[in-house]
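Enquirer: All chains, please: the whole structure from these sequences, using the hints.
There are 2 protein chains.
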Amino acid sequence: MRAEIVAVGTELLLGQNVDTNSGWIAQRLAESGIDCTHQVRVGDNVDRIADTLRIALSRADAAILTGGLGPTQDDLTREAIAKVAGVQLERDPDVMADIEAIFARRSRHMTESNRRQADVPVGATVIAQRLGTAPGLICPVGDQVVYALPGVPEEMKEMVVRAVLPDLRARSGETAVIASRVLRTWGLGESGLAELVAPRVDALEGGPPGAPTIAFLASGMEGIKVRVTVKTPDAASATAALDREEAALRELIGEGVFGTDEETMEQVVGELLTDRGLRLGLAESFTGGLIAARIVGVPGASRWFTGSVVAYDASVKRHILGVPDGPVVSAQAAVAMADGACRALGTDVALSTTGVAGPDPEEGLAPGTCFAGIALPGRTTEAVTLRLLGNRLQIREIATITALDTLRRRLLKLG
Amino acid sequence: MRAEIVAVGTELLLGQNVDTNSGWIAQRLAESGIDCTHQVRVGDNVDRIADTLRIALSRADAAILTGGLGPTQDDLTREAIAKVAGVQLERDPDVMADIEAIFARRSRHMTESNRRQADVPVGATVIAQRLGTAPGLICPVGDQVVYALPGVPEEMKEMVVRAVLPDLRARSGETAVIASRVLRTWGLGESGLAELVAPRVDALEGGPPGAPTIAFLASGMEGIKVRVTVKTPDAASATAALDREEAALRELIGEGVFGTDEETMEQVVGELLTDRGLRLGLAESFTGGLIAARIVGVPGASRWFTGSVVAYDASVKRHILGVPDGPVVSAQAAVAMADGACRALGTDVALSTTGVAGPDPEEGLAPGTCFAGIALPGRTTEAVTLRLLGNRLQIREIATITALDTLRRRLLKLG
Numbered sequence: 056m057r058a059e060i061v062a063v064g065t066e067l068l069l070g071q072n073v074d075t076n077s078g079w080i081a082q083r084l085a086e087s088g089i090d091c092t093h094q095v096r097v098g099d100n101v102d103r104i105a106d107t108l109r110i111a112l113s114r115a116d117a118a119i120l121t122g123g124l125g126p127t128q129d130d131l132t133r134e135a136i137a138k139v140a141g142v143q144l145e146r147d148p149d150v151m152a153d154i155e156a157i158f159a160r161r162s163r164h165m166t167e168s169n170r171r172q173a174d175v176p177v178g179a180t181v182i183a184q185r186l187g188t189a190p191g192l193i194c195p196v197g198d199q200v201v202y203a204l205p206g207v208p209e210e211m212k213e214m215v216v217r218a219v220l221p222d223l224r225a226r227s228g229e230t231a232v233i234a235s236r237v238l239r240t241w242g243l244g245e246s247g248l249a250e251l252v253a254p255r256v257d258a259l260e261g262g263p264p265g266a267p268t269i270a271f272l273a274s275g276m277e278g279i280k281v282r283v284t285v286k287t288p289d290a291a292s293a294t295a296a297l298d299r300e301e302a303a304l305r306e307l308i309g310e311g312v313f314g315t316d317e318e319t320m321e322q323v324v325g326e327l328l329t330d331r332g333l334r335l336g337l338a339e340s341f342t343g344g345l346i347a348a349r350i351v352g353v354p355g356a357s358r359w360f361t362g363s364v365v366a367y368d369a370s371v372k373r374h375i376l377g378v379p380d381g382p383v384v385s386a387q388a389a390v391a392m393a394d395g396a397c398r399a400l401g402t403d404v405a406l407s408t409t410g411v412a413g414p415d416p417e418e419g420l421a422p423g424t425c426f427a428g429i430a431l432p433g434r435t436t437e438a439v440t441l442r443l444l445g446n447r448l449q450i451r452e453i454a455t456i457t458a459l460d461t462l463r464r465r466l467l468k469l470g
Numbered sequence: 056m057r058a059e060i061v062a063v064g065t066e067l068l069l070g071q072n073v074d075t076n077s078g079w080i081a082q083r084l085a086e087s088g089i090d091c092t093h094q095v096r097v098g099d100n101v102d103r104i105a106d107t108l109r110i111a112l113s114r115a116d117a118a119i120l121t122g123g124l125g126p127t128q129d130d131l132t133r134e135a136i137a138k139v140a141g142v143q144l145e146r147d148p149d150v151m152a153d154i155e156a157i158f159a160r161r162s163r164h165m166t167e168s169n170r171r172q173a174d175v176p177v178g179a180t181v182i183a184q185r186l187g188t189a190p191g192l193i194c195p196v197g198d199q200v201v202y203a204l205p206g207v208p209e210e211m212k213e214m215v216v217r218a219v220l221p222d223l224r225a226r227s228g229e230t231a232v233i234a235s236r237v238l239r240t241w242g243l244g245e246s247g248l249a250e251l252v253a254p255r256v257d258a259l260e261g262g263p264p265g266a267p268t269i270a271f272l273a274s275g276m277e278g279i280k281v282r283v284t285v286k287t288p289d290a291a292s293a294t295a296a297l298d299r300e301e302a303a304l305r306e307l308i309g310e311g312v313f314g315t316d317e318e319t320m321e322q323v324v325g326e327l328l329t330d331r332g333l334r335l336g337l338a339e340s341f342t343g344g345l346i347a348a349r350i351v352g353v354p355g356a357s358r359w360f361t362g363s364v365v366a367y368d369a370s371v372k373r374h375i376l377g378v379p380d381g382p383v384v385s386a387q388a389a390v391a392m393a394d395g396a397c398r399a400l401g402t403d404v405a406l407s408t409t410g411v412a413g414p415d416p417e418e419g420l421a422p423g424t425c426f427a428g429i430a431l432p433g434r435t436t437e438a439v440t441l442r443l444l445g446n447r448l449q450i451r452e453i454a455t456i457t458a459l460d461t462l463r464r465r466l467l468k469l470g
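Chains D and E are the protein sequences, given in the same order. Just so you know, we're using our numbering here: the first sequence kicks off at 56 and counts up by one. Just so you know, we're using our numbering here: the second sequence kicks off at 56 and counts up by one.
Since the hints were made in silico from the structure, they are not lab data. Idealized CB from N, CA, C, for every residue including glycine. Take the hints with a grain of salt, since some may be wrong.
Ranges of calculated distance between the beta carbons of each label pair, as one might list FRET restraints [unchecked claim]:
1. Leu448(E) - Thr329(D): 15 to 23 Å
2. Met165(E) - Pro354(D): 31 to 39 Å
3. Asp298(D) - Gly178(E): 21 to 29 Å
4. Thr268(E) - Thr329(D): 53 to 61 Å
5. Arg373(E) - Thr329(D): 21 to 29 Å
6. Asp222(D) - Ile157(E): 26 to 34 Å
7. Gly141(D) - Gly178(E): 41 to 49 Å
If we take Cβ atoms under 10 Å as the criterion, some of the chain D residues that face chain E in the derived model are [stated by the list, open to error]:
8. Leu69
9. Ser87
10. Cys91
11. Arg103
12. Asp106
13. Arg161
14. Pro208
15. Asp330
16. Lys372
17. Asp380
18. Ala399
19. Asp403
20. Gly413
21. Pro416
22. Thr457
Expert: Right, dumping it as structure tokens:
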């Protein structure tokens, strides 16, 4: 089974939006044992989209289109598919009703152009829209198939997982289960991590064909991911094999593993706090709300998070957090900020950050010099020093995760 | 003159490296008045690369390949071009000497595979390597041309500017300048925006050939971009034409335009505050630090931003911000939070947010119901009600930009 990906949109051709959709879809296809040999980007031109689609179907069993399903005149994916399939577009009353309902909920005026999003090639199956207004489409073309998906990543991803992959796997007759699990790590370099894991990698490569495979994915602010992939006859044996590999890898990597799959650092910290019946407060200087923003992204965070004092100006550090006179980018200031956060926010655990995001030095300290303060019940509040590399945004983001990771490791020791 | 871009490399297909080269080249082509209608990614397979190249030359005058020029066995771009051109590969003694010199300078051992990088299709012109070891190639195929460039962005870009664009422009005889400007908008739906701008679009489409073109780019949290593109004899007339179109579009869209090109909402708010000598404080509930995090991302924000009280827990709203008893997700609470932020953070301007991010209702209000409070000097503090759609993260992010946009519009009225 082979699928080709076609990204539609002049803005992609011009690099004004970077096309991350195609790579994401290709990864999901690979995990499902479906080959992808070509990816094409084409502009908003109905004939070029149609020709590109014909070429895709000449070398693949299926084509997955993203983009061009919007309401405007230059959204032409629907028309192009109808051309290639040799069918008409029909306005689908159910889709129409869905779109009308969405506009009603948003109490927004619905224009004629929005109605175009209800046009469906005859014979196509609709993938109901759950996040946006544009539905996806499954369009048979002879014994081949064309999928049309919105270009908005969240909408596209949800439809790929819910509708496209199951449909493709059913068509491919693939029965083996290919499953992966990702171990999320933080605080280890790629080469250091590779050395820790080397024994297991060697054992597997020396092992029987079809043995699990291990891959490293450096994923920026998501840390370095260690992905284990297994191919087994059924789901139960896949889970068992993944459990075995996870145990072996955790043995080798230890505390460096903070979670699995989609688990985030902030979720893990929240679970550790909840297990211990503790609530967290923050005092953020140069991270400027990034830590709080991540935490509030966790549903149910209100059970373990009260708030953050974003003390960007020194006066706020002094008045609300009670930081004494003297340098505000220092271990002492980080400690005072953490203690002040506990008082101001009424918590027994606090995490604080102060540092130099750059581009210029502050208080004689180079960009990337940061301090994280940690207040825990029954412990003396302490600060750790971080020396980070990168531009302003990178330094703030790395400091955000590293501060949370430091708190995670302290909470583990707290028992 | 039309050129097609082909990115070679299985790692691009799998999204392990995101292909940013193609978009960058496409922008340079556009600036040189050369059309680019397709971009293709193909894996490391000589026959697939050759077929992809043939298709490219069937619909374009030139093909620009990136990647596959390295020393390893899966670097097959040279072989594929030779196949399509119907010529042999010859080892070029000058290139060979260059490569040997590079290895000598790096005092690195040179393997036989490194010598493959000196193989050149008969009849091709070499683009000397200045940064890496792989030379670029200009390969005539009949009256068409194929350019082969390294996949390493820095090496590729240097060769495009130095050799490819001059060669393409010479072949095309193109002298026109193509330039674009993006108007950034917020608060208008794509279709609503299209209707506002329709008169101008119609006028231009009815106009002479070569008239400016207008395109809409829905860009999620960056709002909807309106891109104007002009093609003129020289840079000066391009700027004049863009200025004319910007003025015409601002006339139609009005306050909905918050900036141009790379300007962000938070930068614009910062400029408005700085111009008026005002400093901003925040009180964030369900946006949980997202507004502060964006603001601190603006270099020099310390001149106009003091901090944020992220009051996630009601107790923090009451104790630090002085929100009276009663519902905390309400217009009254938003007003009290804004006034409290001015007091706690010592500012004369404050922006507050309180709302329901979901997934569950709060205080009987549906997810997406939000209130933004705005305190301005000499004005009564007021709150606006927002009804937003999306998942938890989307609601918080849309609320973040919409709150900043509301402040922007109020500051404009402040004069």
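Enquirer: Hint by hint, say whether it matches the structure.
Expert: Checked hints:
Between Leu448(E) and Thr329(D) the CB atoms are about 21 Å apart, so this pair conforms to the stated range of 15 to 23 Å. Take Met165(E) and Pro354(D): their Cβ atoms lie about 57 Å apart, and the range 31 to 39 Å is violated. Separated by about 59 Å at the C-beta atoms, Asp298(D) and Gly178(E) break the suggested range of 21 to 29 Å. Separation of Thr268(E) from Thr329(D) is about 55 Å and conforms to the stated range, judged on CB atoms against 53 to 61 Å.
For the hinted restraint 21 to 29 Å between Arg373(E) and Thr329(D), the CB-CB distance of approximately 24 Å keeps it satisfied. Distance hint for Asp222(D) and Ile157(E): a CB-CB separation of about 51 Å, inconsistent with the stated range 26 to 34 Å. For the pair Gly141(D) and Gly178(E), the beta carbons lie near 43 Å from each other, so the given range of 41 to 49 Å is met. Annotation: Leu69(D) was flagged as interfacial toward chain E, and the flag holds, the nearest CB pair being 5 Å apart, inside 10 Å.
Nearest Cβ of chain E to the Cβ of Ser87(D): about 13 Å, over the 10 Å cut. The hint is violated. Interface hint status for Cys91(D): upheld, as the beta-carbon distance to the closest one in chain E is roughly 6 Å, under 10 Å. Hint status for Arg103(D): holds, given a least beta-carbon distance of 6 Å to chain E, under 10 Å. At a threshold of 10 Å, the smallest CB-CB gap from Asp106(D) to chain E is about 8 Å, leaving the interface hint in force.
Nearest Cβ of chain E to the Cβ of Arg161(D): about 6 Å, under the 10 Å cut. The hint holds. A distance limit of 10 Å between C-beta atoms decides the matter here; for Pro208(D) the minimum to chain E is near 8 Å, and the interface restraint holds. About 20 Å separates the beta-carbon of Asp330(D) from the nearest beta-carbon of chain E, more than 10 Å, and the hint is not met. Annotation: Lys372(D) was flagged as interfacial toward chain E, and the flag holds, the nearest CB pair being 9 Å apart, inside 10 Å.
With 10 Å as the threshold, the beta carbon of Asp380(D) stays out of range of chain E, its nearest partner Cβ sitting at about 17 Å, so the hint is violated. Interface hint status for Ala399(D): upheld, as the beta-carbon distance to the closest one in chain E is roughly 6 Å, under 10 Å. Because the smallest distance between the Cβ of Asp403(D) and any Cβ of chain E comes to about 14 Å, over 10 Å, the interface hint for this residue is violated. Taking 10 Å as the C-beta cut-off, the interface hint given for Gly413(D) holds, the closest approach to chain E being about 9 Å.
For Pro416(D), the suggested interface contact is broken, since its CB lies about 14 Å from the closest CB of chain E, more than 10 Å. Interface restraint check for Thr457(D): the shortest CB-CB distance to chain E comes to about 16 Å, outside 10 Å, so the restraint is violated.
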